[in-house]
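Protein chains in written order, with numbering that gives the first Met the number 0: chain F, 0 to 119; chain P, 0 to 119; chain E, 0 to 119; chain H, 0 to 119.
A portion of the hints provided could be inaccurate.
For identical chains, the list gives no copy identity; a pair is met inside one copy or between any two copies.
[Said to hold, decoys possible] Below, a list of computed lysine to aspartate or glutamate pairs in the DMTMM-like style, where the Cα atoms sit at most 25 Å apart:
hint	residue 1	residue 2
1	LYS84	GLU18
2	LYS29	GLU41
3	LYS84	ASP51
4	LYS103	GLU44
5	LYS8	GLU86
6	LYS8	ASP23
7	LYS84	ASP73
8	LYS103	GLU69
9	LYS84	GLU53
10	LYS110	ASP73
Derived from the structure by calculation, the hints contain no laboratory data.
Protein chains: 4
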Amino acid sequence: MAQEDSIAKLQAQIQVFSEEREWDQFHTPKNLILAATSEMGELAEVLQWKSDEEVVAFLQTDQGRAKLSEEIADVAIYLIRLCQKTEINFLEVIQHKLNVNEKKYPIDTSKGNARKYDET
Amino acid sequence: MAQEDSIAKLQAQIQVFSEEREWDQFHTPKNLILAATSEMGELAEVLQWKSDEEVVAFLQTDQGRAKLSEEIADVAIYLIRLCQKTEINFLEVIQHKLNVNEKKYPIDTSKGNARKYDET
Amino acid sequence: MAQEDSIAKLQAQIQVFSEEREWDQFHTPKNLILAATSEMGELAEVLQWKSDEEVVAFLQTDQGRAKLSEEIADVAIYLIRLCQKTEINFLEVIQHKLNVNEKKYPIDTSKGNARKYDET
Amino acid sequence: MAQEDSIAKLQAQIQVFSEEREWDQFHTPKNLILAATSEMGELAEVLQWKSDEEVVAFLQTDQGRAKLSEEIADVAIYLIRLCQKTEINFLEVIQHKLNVNEKKYPIDTSKGNARKYDET
Chain F
0 MAQEDSIAKL
10 QAQIQVFSEE
20 REWDQFHTPK
30 NLILAATSEM
40 GELAEVLQWK
50 SDEEVVAFLQ
60 TDQGRAKLSE
70 EIADVAIYLI
80 RLCQKTEINF
90 LEVIQHKLNV
100 NEKKYPIDTS
110 KGNARKYDET
Chain P
0 MAQEDSIAKL
10 QAQIQVFSEE
20 REWDQFHTPK
30 NLILAATSEM
40 GELAEVLQWK
50 SDEEVVAFLQ
60 TDQGRAKLSE
70 EIADVAIYLI
80 RLCQKTEINF
90 LEVIQHKLNV
100 NEKKYPIDTS
110 KGNARKYDET
Chain E
0 MAQEDSIAKL
10 QAQIQVFSEE
20 REWDQFHTPK
30 NLILAATSEM
40 GELAEVLQWK
50 SDEEVVAFLQ
60 TDQGRAKLSE
70 EIADVAIYLI
80 RLCQKTEINF
90 LEVIQHKLNV
100 NEKKYPIDTS
110 KGNARKYDET
Chain H
0 MAQEDSIAKL
10 QAQIQVFSEE
20 REWDQFHTPK
30 NLILAATSEM
40 GELAEVLQWK
50 SDEEVVAFLQ
60 TDQGRAKLSE
70 EIADVAIYLI
80 RLCQKTEINF
90 LEVIQHKLNV
100 NEKKYPIDTS
110 KGNARKYDET
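Pulled out of the complex, with its shape left as it was, chain F reads as follows (with noise of 0.2 Å):
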């Protein structure tokens, strides 16, 4: 199966489910974002309280798993929407970011090293 048939196949999903409900008119690409910032917003908030070892925990957990599991798929769906109505394939643009990585982080200079490579 092609690369992109995975997210394809769920973005097929997407776009039947916002047409059923006659919702794609209000995923303009801010409005996506925007969208995607409050479920960022809820991510953030399943661990806000804890300490590391907490998360660690909790991740342990049944419960704490689906509560994490959930709010990243949130997040991800509209991130792959957003893909979706600005017709730029998911997949291809992390491919490409993660090689550009490699690049702008050399292994000498970045090792152990968590400072962005442009920070002082």
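Go by the hints and put chains P, E and H onto chain F.
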């Protein structure tokens, strides 16, 4: 090719990339959510002052499409990395949430109405 | 009344509120940024599907104004709390940044142009 | 000095600043929320890779405090501008929400517990 392989391939590249630079240590779930948030901010910034008409014109330029694509990719990469570090299957949880949404938003009550199902 | 007192008064109330509930322990800078992010998500959600005209109509209703007000307040409370926990003076840093912006965006080069000063 | 004047003074400066540059036209509520989101992203970025201990050390440096202060200010400026454009009283709505929170989170049920009041 199995459905997971397209994302799994990207995750393999992200894993090597992170290990080569000794960045894996920074990739806790909370840190990855903060990083995804910072990239969501850059995505919002691309269109923040443009009217919907200006957005259309902008996305017809190579520079505009490249900029939007890059920021979508940056958010997606951190979500995919978060899934990898927490052993959540990115494509599966999206598929699951799309199925949940079908039930949560029945067509007859949702048609043309952008309100969330539990909003008055 | 000195300029800081209006914010200082709110901070005093937030401090008592947090101590009474033994929530002070959770208010690390990173956690407060995640919490502010979650509230920013709720703010985005209020208007995410509305056109600019619908936003105007919405904000003419008591319910609409109350909803937007609540979410603005929620983000602001976490920023003010973050300042309190890091001993940053909320009003002073805003005043300082406004002064910096005056220099960063000279009127003649900025007029009617929404681009950031260092964007091509 | 009346309580609102400290924020009103900042708003007066923001109004002049925006008019001088003919930027007022861009400051619709949705655009201002996108802009606040982009600044929230920059705020998240300041601490995203730091452990809680590294955050403490970072905030003891002048550079660290200045960076965090700047990003807090940037988010706050857009919230204050949003209030100005929608005729919402920034300080009043915060005071109101703090009062609401006192009732929403009774001390006895909230003590030491970071869960939201309606969470299981």
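Hint by hint, here is what the structure shows:
no.: 1; hint: LYS84 - GLU18; in the structure: within (13 Å within a copy, 35 Å between copies)
no.: 2; hint: LYS29 - GLU41; in the structure: both (19 Å within a copy, 13 Å between copies)
no.: 3; hint: LYS84 - ASP51; in the structure: between (37 Å within a copy, 13 Å between copies)
no.: 4; hint: LYS103 - GLU44; in the structure: between (32 Å within a copy, 18 Å between copies)
no.: 5; hint: LYS8 - GLU86; in the structure: both (15 Å within a copy, 23 Å between copies)
no.: 6; hint: LYS8 - ASP23; in the structure: within (18 Å within a copy, 32 Å between copies)
no.: 7; hint: LYS84 - ASP73; in the structure: both (17 Å within a copy, 18 Å between copies)
no.: 8; hint: LYS103 - GLU69; in the structure: between (32 Å within a copy, 14 Å between copies)
no.: 9; hint: LYS84 - GLU53; in the structure: between (39 Å within a copy, 15 Å between copies)
no.: 10; hint: LYS110 - ASP73; in the structure: between (33 Å within a copy, 20 Å between copies)
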